[in-house]
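Engineer: Quick mapping for you: the protein sequence lines, in order, are chains C and S.
The working numbering numbers the first residue of the first sequence as 1 and each following residue consecutively.
The working numbering numbers the first residue of the second sequence as 1001 and each following residue consecutively.
It is worth saying that the hints were derived from the structure and are not from the lab.
As the structure is a computational prediction, the values presented were derived from the model and not from experiment.
C-beta atoms are modelled at their ideal positions from N, C-alpha and C, and glycine is treated no differently.
Heads up, a few of these hints could be off.
[What the hints assert, rightly or not] Partial list, computed: chain S residues near chain C (C-beta under 8 Å):
#	residue
1	ALA1116
2	LYS1224
3	GLY1227
4	VAL1240
5	SER1283
6	GLU1299
7	PRO1305
The primary structure of each chain is shown beneath.
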Amino acid sequence: MQIPNVTEKWSGTVTEVTIGATKEEGGTRQKVVKVGGASCIPFMDFEGSPGHKPVIAMDVLDVPPEDWPPALMEPFKDVISDPALWAKKCVDKYGADLICIKLDGIHPDKGNRGAEEAVKTVRSVLQAVGVPLIIWGCDDTQKDNEVLPKISQATKGERCLLASATQDNYKNIVANCMADGHNLVTQAPVDVNIQKQVNILVTDIGFPLDRIVMFQTTGALGYGMEYAYSIQERERLAALSGDKFLALPVLCNVGYESWRSKEAKSKDEESPGWGLAAERGPLWETITAVTLIQSGVDIIRMYHPKAVAAVKKHIDALYTDGR
Amino acid sequence: MALTGLDIYKLLPKTNCKKCGRPTCLAFAMQLAQKKANIDECPDVSEQAKQTLGAASAPPIKLVTIGAGDNALRVGEENVLFRHEEKFYHPAGVAVAVSDRLSEAELDKKLKEVSALRFHRVGTEIGINLVAIQNDSGDKDAFARVSQKVSSNINLLLILASQSPEAMAQALSADGLAAKRPLLYGANNQNFESMAKLAKEKNCPLGVHSTSLEELADLTEKIKTLGVSEMVLNYQGNGVRDVLQGLTRLRRAALRKNFRSLGFPTITFLNDQDPYGEIAQASTYLAKYAGILVLHSYEPWQVLPLLTVRQNIYTDPQKPVQVQPKLYEVGQVTPDSPVLFTTNFSLTYYSVEGEVEASRIPTYILAVDTEGTSVLTAYSGDKLNEKVVAKAMNNTSVGERLKHKKLIIPGLVAVMSAKLKDETGWDILVGPKEASGLPSYLKTTWDRHGKKG
Ligand code: SF4
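Bound-form chain S, shown alone (with noise of 0.2 Å):
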């Protein structure tokens, strides 16, 4: 939580000196909380109080690091319970679970299809971020065979899940491995301290396990003094309502009362017999409040669902989501086929291409540059009229593709096909006011108006 102007103030010298610059101690108090001081161009400040500047002006979730360069995962420093509020800043990590008692087959066959992870959607790529090897076996030369086989043969972030202190440092002994940055996980009340000093030696991030959220704060302070500050916590729940209230008051205790023993980013393993069972509580705890995912089952058709709620849950929610201004060809067009225009607003849009592909006719759509806002919202604020279409249609030459002259609107904006006509030349035809009449239009006043007429 950030200090006020006033709470500043009683932290300074109170001498007026004007060393700062500043003719009183309240005015740079201000402006130190207007963050537009630095707390060093006071001479005479305690080191006390820097300290407690300092701390406060941290984030109340700490940011963490998995792996190094530019493929890092950073989970944490989130600001908001809600996402209308802000945004989400860091969207969690997903994970997919190895076990070391996996033959050498096995473990090739796992390999390849977790790296075939990958999905394109709304012109995006998305795919897992991690891979956790999980001791299993509880011996320390299966782990770090599988460790070490996992770190060369697939390029994905690491999870090294052990309990035994002495299977994480012979796995982390392993040429290049440590330097990877692999989460380590973890420490809990018995292992702590041995596994504190492995992740301050390696410079790694720590795992933190405990079934409850006050032996977790606990474990948390004495990790830190042992010199370990990136930490991510697993609450061990029992029962998604259970986990999903421990997320929440582990989101609400670093945010709402600035409770640093639990500003940390978390992780939860997913364990469910039932395929979509493991789905639906993974996707629950994305939307509240997950920062690592570590799944059990891993088909795609499992895979693809949950990285959709990541990439809905993570979009700014103040920035409308905008497709590319541009023709866009659904299906097998020809010359013949009908064209019509929407906005570029992404909901629009894709709610306008989903009607046209269950249509099954090929057709041209037109995404008319509105700066991301929708027909109505677009046409009210002037940034859809008649020159906007015209001006569409020419950047994207969508004349020289056709044999026809006819455009298909937008029902709601049915009132500018006069002006639309004079500016373009075209025929205009108005089409249904919402998307889901698209099939219906195409197929029949499409069919019996545009094609032939």
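For reference, chain C alone in the conformation it holds in the complex (with noise of 0.2 Å):
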């Protein structure tokens, strides 16, 4: 029996964003990334392209974690206190597409860094590793202001993507990625409007939208993940439906959220009937990941080795034509 045709008619295409630049280009990575690009619901190639793979960016945090659960901390011990020995190790050994320097380090109350010894950090990564960075401060705005223009500086030319402009305090870090060529990270707490006023503030001081990556702040698996997900759905549906403030590529945060969950991090004998913490901590993170892929995700930020082989498998499998 003919069965009707479902194949839906998109006129929007998610921005293509280009991270890390070349020798030829200005930078010194051995690769760029692409993401962005899909123009129909994800994985329907049979009514448009799905765009670049998702991709997976590694942290590094530039102060050891100090609450991190030993299923967690295993795989890193040996390079805990380097972030240039643990991003090469993300990269060379574990497959990461990119790395994300997560300076918790800066924060007032937690060592309270300067910008000198961020940038000198971020300056050892860009050293070890051939991928693009992503840069994330801290979260205390002031303290971002301050330290977040030095290393747009440091790091000119690199393309690197810097996290993040808020509808509060956005002038600043837009002025620096706009000076140094970086593309950047526009957020908005599970909003869709605000995430849109967010992207309409950047470009109307003239930042180019082909250089803006969305981030909703990410909910985990049994955390709140399905307010991310339907927010990102429907940031990609207006995508595709030709909104061009929201057709951007979206990134998660979920390396960190997922291991924040009890789930996750529980030992053995505190969570009886849940089974294997080594097991138990990767797969939170892999169902969180792969979850979320399916609303329409770009970049995802990752924590666990096994997790991120685990993801890299599934997406290619997504990419993948098994008939």
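From the two separate chains plus the hints, produce the assembled complex.
Structural biologist: Next comes the structure, spelled out in structure tokens:
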């Protein structure tokens, strides 16, 4: 029996953003990463292009984490206090597409490191790896405004992705990204309208749309994942329907969020009946990532190498015609 | 797809005879479209018009019931492609496959492990729903024996999976088994007549499988004419992308095109050697658009995240999810422990709870009833003010549990400090704006000002 044609026609395409710059382009990266480009509901390539494969950015912290459970610490314990070695391990051994340097240590409550030290850390990572970088502040507005401009200048021409601009604090970081040729993360906590508003604000002062990645804040599996899921799905539908201010690649912070949940980090003796902690945490991270991917995600920040491997394998399968 | 008033008008006698109590046929048609009238009120309407109307008002995806009584599983009758448009109504069933090749001892062990797959999350118990007995042996006696054993030893719904109508018939002949309304899986282009006959005779839902959607549509039409209306479809795709696309096409054909031949819930069997891969695929199908998932592997660390995906995806997106407004204890609290308040919006509450746990500092969390809204939303809507907080403190008698009178409030509502102090007489400490700031706040600021001063 003939079945009805269910192909949907879309008028919009997610903007393509290029992260990293090679020598020829004025940077030092061995390769660049392109994200975005989807013109169909995720993976429905019978009605458009699924766009570039979602990429994995592995997090590297500038100061050793204090509260990581053993299952998460294990793969990094030899490199945990050296961001450059840590980043190198993520790329060489675990296949990270990008490195996200998370500047926890500049936070007033977590060490209050100065800009100079942060710049040094970022430089050491740039030298250690050939993949493009994401550089993420500490979410303390004042401190970020102090430190991120210095990092922006120090990495001029590398076309990094800097985070983040919010509705209330965007001018400073936008000016720096513009001057130094970086990409920008715009952030709006689970709210489509505010997200669009931030994107309009930053483009109003001259920042190009094709250098923006959106971030809604992420909920882990079991801890509000569905909010992020539906916000991202609505944004992707708006993008495909031609709203250019929402037709931008989306980033999710999966590693940090999923490893905060009880299910990921509790010890075996604390949670009888839940199964091995060594598998529970990495799988919790994996499932948060693969479920969110269905809502339309382009960059996934992750922690555990086992989860990274599983998510990469899953993404490859989503881009393979099995028939 | 619902008919419009005009569509319905075309089906009526158009005599305006008023016997229905309405002035015109058109008026009656409009009321029918709004479901404010019943077609039987018109004595002159044709049988054919009745049928057309009846078919058009049936849900586009059939509701299928597996099992009987209170524990029955209902899948199907979904209305939307994207959960934010409305919600997903009938949570997918999760099954674990059991082979009829297992020895007695292996079977006993597996049934015990499968029975234990229940978990408590967010105040709700979640668990798997079904066991799928698979006729891997090809032997009908083994299939019947294992089916019988599973049926009498486990309190879960059943899927009988065999391609052989003889094996199916024998398994169903066991005492009381058919009355449990197992899903009979399944019918294909070879055996559908005998399978449909069994399903009709025993009043059981029938699984139908094929490697093509076109053939599935053919089969459901043929099976309908054999008197079976409750079907569950398996599109046997090749690889995760193909299956995902098949599930999407099925859902779209039913909802967007009102294509009845595919208007049924689905079933998908997982069988990946990679324990992460299997759950990754199952979660993907759960989001888009599985009715029943049959797992091959079933470690608790695999099943818990999958059931949590189901819990998340099937949450009603229009309704803010709330936790009970009360005083929560995190860790081994004492009368010297800090107390902080947040709202009863579950997302807010659980992020606060998660951070407090991470701090490893025993703390009281007062979840204030803000009708399930977040701190800022509640504050700007006046659902969160000094009176609301004071009332929550009274209701929970938090003061009697503590030696101190210091309340930590969310940094986002620092402006209410003075009024709250007046209202309660407590010292107000302004906490961090984001939950993520709590561990360092509790370790440093509270330690300095709270505990000692
Ligand atoms: S009873 Fe039937 S035919 Fe008569 S007016 Fe009503 S709808 Fe028309």
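Engineer: Indicate, hint by hint, whether the structure satisfies it.
Structural biologist: Outcome of the hint check:
1. The closest approach between the C-beta of ALA1116/S and any C-beta of chain C is roughly 7 Å, which is under the 8 Å cut-off, so the hint is satisfied.
2. Hint status for LYS1224/S: violated, given a least beta-carbon distance of 13 Å to chain C, over 8 Å.
3. Because the smallest distance between the Cβ of GLY1227/S and any Cβ of chain C comes to about 20 Å, over 8 Å, the interface hint for this residue is violated.
4. Annotation: interface hint on VAL1240/S holds; nearest CB of chain C at approximately 4 Å, less than 8 Å.
5. Because the closest C-beta pair between SER1283/S and chain C is about 5 Å apart, less than 8 Å, the hint holds.
6. Taking 8 Å as the C-beta contact cut-off toward chain C, the hint placing GLU1299/S at the interface holds, the least distance being around 5 Å.
7. Taken as an interface hint, PRO1305/S checks out: its beta carbon lies about 4 Å from the nearest beta carbon of chain C, inside 8 Å.
Hints 2 and 3 from the list above are not met by this structure, while the remaining hints are.
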